[in-house]
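S.K.: This is what each chain is made of:
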Amino acid sequence: MTLVEAHDIVLYRGSHLAVSASSFTIPHGKITAVIGPNGSGKTTLLQSMAGILTPSAGRLTVLGQAVKDVKQDISFVMQSVVFPTGTPITVKDVVCMGRYAQRGWFGIFRPQDRAAINYAMETMNITDLKHRHLEELSGGQRQRVYVAQGIAQGHEILVLDEPMTGLDLKSMRIIDDVIHAEVEEHGHSVILTTHDLDEAAAADHVILMDGKVIASGTPEEVLTRQNLEKAYGLGTLHEPADVNGTTVVELPECTSEGDANVAEEQSVGYGERFRRYEAY
Amino acid sequence: MELYNWMVEPFQTGFQIRALLGGLLAAVMSSFVGVWLVLRGMSFFGDAFVHGVVPGIAAAVLFEFSPFLGAALAALVMVSLLELIHRTTSLKEDSAIGLLFVGMMALGVVLISRSDSFQGSLTAILFGDALGVSWADVQMQLLFVIGVGLMSLMLYRPLMSLSFSPDKSQALGMRPQLTHWLLLLMIAAAVIGSFQAVGTLLVLGLLIGPAAAAALITRTVPRMILTSLILGMISVTVGLIFSYHLGTAAGASMALVAILGFFLILTIRETVAAIVRRKRSTTLVEQGAS
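From first to last, the protein sequence lines stand for chains B and L. Per this note's numbering, residue 1 is the first one in the first sequence, and the count goes up by one each step. Per this note's numbering, residue 1 is the first one in the second sequence, and the count goes up by one each step.
Certain hints may be false.
[Said to hold, decoys possible] Examples of chain L residues lying across from chain B (beta carbon under 10 Å, computed):
#1 G41
#2 M160
#3 P166
#4 K168
#5 L172
#6 G173
#7 M174
#8 A215
#9 R219
#10 T220
#11 V221
#12 T237
#13 S281
#14 T282
No wet-lab data here; the hints were simulated from the structure. Think of the CB as a built atom: it goes at the ideal place given N, C-alpha and C, for glycine as much as any other residue.
Same shape as in the complex, but just chain B (with noise of 0.2 Å):
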């Protein structure tokens, strides 16, 4: 079953144009990434089919209805980058607000809205963080936070932001087994953004960048040394024999210190450091 359709979509940030012309699909009940360089337009991407920006040419579509019309079945999980400086509120306030997507600018909370208040909290084990303040977290205990507010919504489709991007390891796996739980147990879909080319390999769909959709298919398909050249521009990739047996290309030659820590970061997905450490 498909669970988003797009034709020839068009999508723009004010007047500058994020995504060209794009068509792909991607499968329902699967795990998807997005993946490219910088300022490639996966957010935007995912933003779309989130229902936060809508396509200014083509068709858009998510299970089989406009995304307007299914918005309440999608959550969408912020990066934990991005947070509201100053702002009162604590990490239940930002779980509770997940819920706002069933109950509206006036619904009175519900036994079930609590309990799926609890729930999330308890799955992404920050029940004890409930009191805190955002601005107090570490970057991966927001994520957490960010994670469960997704799962508190109730949806058919998590939409995942770059959920690994600088996580200490209890929060990247606690989000990890989260992310499967979502597609082995509840059946959902997840589509997540990310800059690590492991993490992609291990999706069971990948869609591939660069200001539109270069390509969209199994990681096989996609995560080739051409379509790879092509994204990143970065010239000769070499492609060695992965952990997964799945291909995967690693981005060797820097041009300066600071690419140096992208292509180091991307070339050691976390799964690979899972098993680094757990061999210790």
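Given the coordinates of chain B, work out where chain L should sit on it, guided by the hints.
M.R.: Positioned in the frame of chain B, the structure of chain L alone reads:
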């Protein structure tokens, strides 16, 4: 007993009681709106907005129509021009606000300079005339308070999600664009409903001062609103008491107390935090030594 007399003496006569009521109603309205202004980082916008209504009120004085209508029209013009600049240029919002801040204020002064009693009219618009508040003004203010209070309650979830993140608000179906416009309407109502008592310039003291002070000492938004309401009402009462005994301008005294309240709370908070830090550090050092 002497202190009690000193505190109640300024509220013995009818016009003094009306000044107090007008100020308290302004404080309530300002707190409901000011909290969201502070949370959304819109204090500069609020500043421009209170200056922006000046030409409307000036035109009302000059051409003898309702100052409430004049202020509402000026607010509409200001917001429309802001939106026009935002949509048609790549200028950042603060530049647009700065342009209109000065432009609208200058237009107001130009208009009022055509009035026969230029000095008196301008002073009344900018700094209010708390002691000139009539019962009709109080009744009108009461309607504004009810309207702003109801809107604040109804918009709690959309405003909360908008303050958290406009994108998240959109994803949750909270209609952030509509919420933003309704917040502008609330600001306009608070300014229009308060300018008689505290003046267009000084109403910002009641909008921002108590809300910012409340943000320093509260951990949730509902408590911030409640604390801001209490601090706003204290500012008005204390301001009027000082105004009476020291012979200072009523509106300015109320606004000044609201701002001084912020710095007082900030000082107390930082002092307490420093003492707690020192005690904890000492305890940790002692534990380490033993």
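S.K.: Verify the interface restraint on K168/L: the C-beta must sit less than 10 Å from at least one C-beta of chain B.
M.R.: At 6 Å from the nearest chain B Cβ, K168/L passes the 10 Å test, so the hint holds.
S.K.: M174/L was flagged as interface toward chain B. Is the shortest Cβ-Cβ separation under 10 Å?
M.R.: holds (6 Å)
S.K.: Holds or violated: the hint that S281/L contacts chain B, with Cβ atoms closer than 10 Å.
M.R.: Violated, about 19 Å.
S.K.: Checking hints one by one. Is T282/L an interface residue toward chain B, by the C-beta closer than 10 Å rule?
M.R.: Violated - the Cβ of T282/L stays beyond 10 Å from chain B, reaching only about 23 Å at its closest.
S.K.: Verify the interface restraint on G173/L: the C-beta must sit less than 10 Å from at least one C-beta of chain B.
M.R.: Nearest chain B Cβ about 5 Å off; hint holds.
S.K.: Taking the least C-beta to C-beta distance, is T237/L closer than 10 Å to chain B?
M.R.: Given a least distance of 25 Å, the restraint on T237/L is violated.
S.K.: Given V221/L was flagged as interface, is its beta-carbon under 10 Å from a beta-carbon of chain B?
M.R.: holds (6 Å)
S.K.: Does R219/L hold up as a contact with chain B if the rule is Cβ-Cβ below 10 Å?
M.R.: holds (5 Å)
S.K.: Holds or violated: is the Cβ of G41/L closer than 10 Å to a Cβ in chain B?
M.R.: Holds: closest Cβ of chain B sits about 8 Å from G41/L, inside 10 Å.
S.K.: Any CB of chain B closer than 10 Å to the CB of T220/L?
M.R.: Where the cut-off is 10 Å and the nearest Cβ of chain B is about 6 Å from T220/L, the hint holds.
S.K.: Holds or violated: is the Cβ of P166/L closer than 10 Å to a Cβ in chain B?
M.R.: Given a least distance of 9 Å, the restraint on P166/L holds.
S.K.: Hint L172/L vs chain B: min CB-CB distance below 10 Å?
M.R.: holds (5 Å)
Against the hints set out earlier in the document, violations occur for numbers 12, 13, 14.
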